[in-house]
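Asker: Each chain, letter by letter, is given below.
2 protein chains.
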Amino acid sequence: MPNAAQPLDLLLLPSWLVPVEPAGVVLKEHGLGIRDGNIVFIGPRTEALALQATEIRELPGMLLTPGLVNAHGHAAMALFRGLADDLPLMTWLKDHIWPAEARWVDEDFVRDGTDLAIAEQLQGGITCFSDMYFYPRIAAERVHHSGMRAQISIPVLDFPIPGARNADEALHQGVELFNDLKHHPRLSIAFGPHAPYTVGDENLEKIRVLADELDAAIQMHVHETADEVAQAVAERGERPLARLARLGLLGPRLQTVHMTQISDDDLALLVESNTSVVHCPESNLKLASGFCPVERLWQAGVNVAIGTDGAASNNDLDLLGETRTAALLAKAVAGNATALDAHRALRMATLNGARALGLEACIGSLEVGKAADITAFDLSGLAQQPVYDPVSQLIYATGRDCVKHVWVAGKILLDNRQLTRLDEQDLAATAARWGQRIGARHE
Amino acid sequence: MPNAAQPLDLLLLPSWLVPVEPAGVVLKEHGLGIRDGNIVFIGPRTEALALQATEIRELPGMLLTPGLVNAHGHAAMALFRGLADDLPLMTWLKDHIWPAEARWVDEDFVRDGTDLAIAEQLQGGITCFSDMYFYPRIAAERVHHSGMRAQISIPVLDFPIPGARNADEALHQGVELFNDLKHHPRLSIAFGPHAPYTVGDENLEKIRVLADELDAAIQMHVHETADEVAQAVAERGERPLARLARLGLLGPRLQTVHMTQISDDDLALLVESNTSVVHCPESNLKLASGFCPVERLWQAGVNVAIGTDGAASNNDLDLLGETRTAALLAKAVAGNATALDAHRALRMATLNGARALGLEACIGSLEVGKAADITAFDLSGLAQQPVYDPVSQLIYATGRDCVKHVWVAGKILLDNRQLTRLDEQDLAATAARWGQRIGARHE
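First to last, the protein sequences are chains U and F. As numbered in this note's numbering, residues 82 to 524 make up the first sequence, in order. As numbered in this note's numbering, residues 82 to 524 make up the second sequence, in order.
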């Protein structure tokens, strides 16, 4: 029981509460108490109502879950949403996205694009996201102001990028940003070497040294397509994951994104090193990249998180929808309808994401002592009736429009679907202006 | 131009209008005029404003498309939504769904379940659906009252079902219903032999004779899983589709649902006979049934429609989401990111559905002379910004919560997200009551 002498800041009384840890549990008639941004009480409604609380919220028909963790994306690319569709990965990148980035991406773009992505993600029940994009200091600043939680990955490539003339400059900026923010309660800085085919051994080794020194995470696109692996084998005689292992990059701090190609040796490397995989099913489908064998990874003990990827490829930042796709797809890929059931899918979208990002001590489940990062879903709509199992309904029958309230570190950032710190109309107008400028040039 | 002497009943002025036919066209600054339930004008805004109209609706930020056609489902099963999840098809059917149906399905169940399904589908932009469930006369009556359009398929199995002691009784009821409703402007009656493994040759031959006589459509689950095909080959030495061909059932009036297994011979049979396929991607994924090769079918000239399947398996009646899944999945299955692009996906969800149901002369595209079955999507939200191509945004970035208005035969059935003929609260309460009764028994 929390200290009874000190009142709760907020007591939430939902119809259902799914803590994610312990696994598979659905609590009915329970309350959740928050003080100083943290969860300090979870218990039966009757006990909850005996506590002092500054604010009490009855949430009838609502399901409380840990806030969703979007473990991979490129936030500011929201401004390129739908700019170039229905194209293969390399055509999309080389003929459309990279030229558009060269033409348009500057600090203003990243500021406005990141704000748009933050707003969309909050509206979709996401409380924490991983970002990998140019001008990471700008992105970090937007996250700071928004009240959201994020991992900002410093993009590193062997060639010049917007905001950094070369990899050394990018790394230097990254280390500075890391040090500036190392005590920030909601921001963590990671290294983001783009992919095995865009970052050579020399820069990967530098990243390994710096990440070891700073105890920083690393996020990287790895084995996104069969072509990537085949080309690496042809050119270097080595699969990319094996190369990362040789360079000493595998480990619990590494987040490998996509991983549609997994040989038995790859799986053994992931398991032994305790490396996380970030699954981006809709991006993999849309770009025809392949199928990540999620159930096989899960059963082998690999931590599998989930990400939306950037809105330019996908074309939304809807983690609930992404999780539904993952849950449906895993069954067909495994040839087994019991694969990735609804409860495990929710775990992938919360606690596994937190673990991938190194944040599992702080977020990812509703447990006393963790930060109050919480999403309230309204399951009272027609499309959710009847409710036999709220987790089944959440994963298989509920859209992100049912997200009603979102708290990060106990602060309400979405209240009855209204953003509390961002101006929705202003953001939409700004995005539309970017769209007009970019679209006119692109046509 | 419409007869200028007679005013339009309604003139719609959206930001974008996608007629579907001709293919790939996006009209900006256009208006659509309706009189007596039909589309009588599509033309530039300036011309539209010169016409007399009883009502004019400005629809800024909105996209008009043909109403979505849900070409396969089991409407009343909405009351079993999420009752039994994450199970293989035969376990799900034999251990859960069939016992629940035996226990619960009666006329009241079908009335309340069909109303729930109609409401959910209207809220999701669907104007026409295909139903295959027990007590089809009750379902037809609910459709009649709702103002929606539907094909009601008379379920036929070799064993007794709720409402019919045997196949002959079901067929007799079906013929009666067909004759009673043959002049109904929004209802068509089809035969619904459940599947090759539940209907023997004798009953299939009767259905062929009756369907030929009445010029009625036939909808049937075919090749849903690899097991179904393997078992048929083992038992009969014949693939189910080949058996249907031998029995004379293939043809433009036949709607084969699922078709995850397609050999070269199967494909040739479908093409030669002009038989339609109804793709249900989320059901196929969730039950691990397999992958329908949509792009291969499409390129061969087969008409591919799309259906949600019943909410008990899937667990929603969200055809827009289903279409997004289909568009994403088709690319990965074909190994080609250009497969089933956004415009073709929308065509699959509208005109191809109309064609499968034999309704393409009346609905499925926004063309002068067709019925005014229309959906207005609001693309002004943050998650749709910026809008480079409204069809890309619709298919890849828009949820059914963006459905704003729905008209069927010119009558508004969803107005600013409010159902005009059904009481949402009443429906939710009724569904919740069923859920409590069924759930208590099931646990």
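Hints listed in this document are in silico derivations from the structure and should not be mistaken for laboratory results. Where a beta carbon is used, it is the ideal one built from N, C-alpha and C, also for glycine. One should not assume that every hint holds.
[As the list claims (entries may be wrong)] If we take Cβ atoms under 10 Å as the criterion, some of the chain F residues that face chain U in the derived model are:
{"id": "1", "residue": "138"}
{"id": "2", "residue": "167"}
{"id": "3", "residue": "179"}
{"id": "4", "residue": "197"}
{"id": "5", "residue": "249"}
{"id": "6", "residue": "250"}
{"id": "7", "residue": "254"}
{"id": "8", "residue": "369"}
{"id": "9", "residue": "413"}
{"id": "10", "residue": "416"}
{"id": "11", "residue": "424"}
{"id": "12", "residue": "474"}
{"id": "13", "residue": "496"}
{"id": "14", "residue": "509"}
{"id": "15", "residue": "517"}
Asker: Take the hints in turn and mark each one as holding or not.
Answerer: Outcome of the hint check:
1. 138: 22 Å, violated
2. 167: Hint holds; residue 167/F Cβ to chain U Cβ min 4 Å, cut 10 Å.
3. 179: 17 Å, violated
4. 197: 6 Å, holds
5. 249: 35 Å, violated
6. 250: 31 Å, violated
7. 254: 29 Å, violated
8. 369: 4 Å, holds
9. 413: Hint on residue 413/F: holds, closest Cβ of chain U at ~4 Å, below 10 Å.
10. 416: 6 Å, holds
11. 424: Residue 424/F check passes; min Cβ-Cβ to chain U is 9 Å, inside 10 Å.
12. 474: 5 Å, holds
13. 496: Since the shortest Cβ distance to chain U is 16 Å, the answer is violated.
14. 509: 5 Å, holds
15. 517: 7 Å, holds
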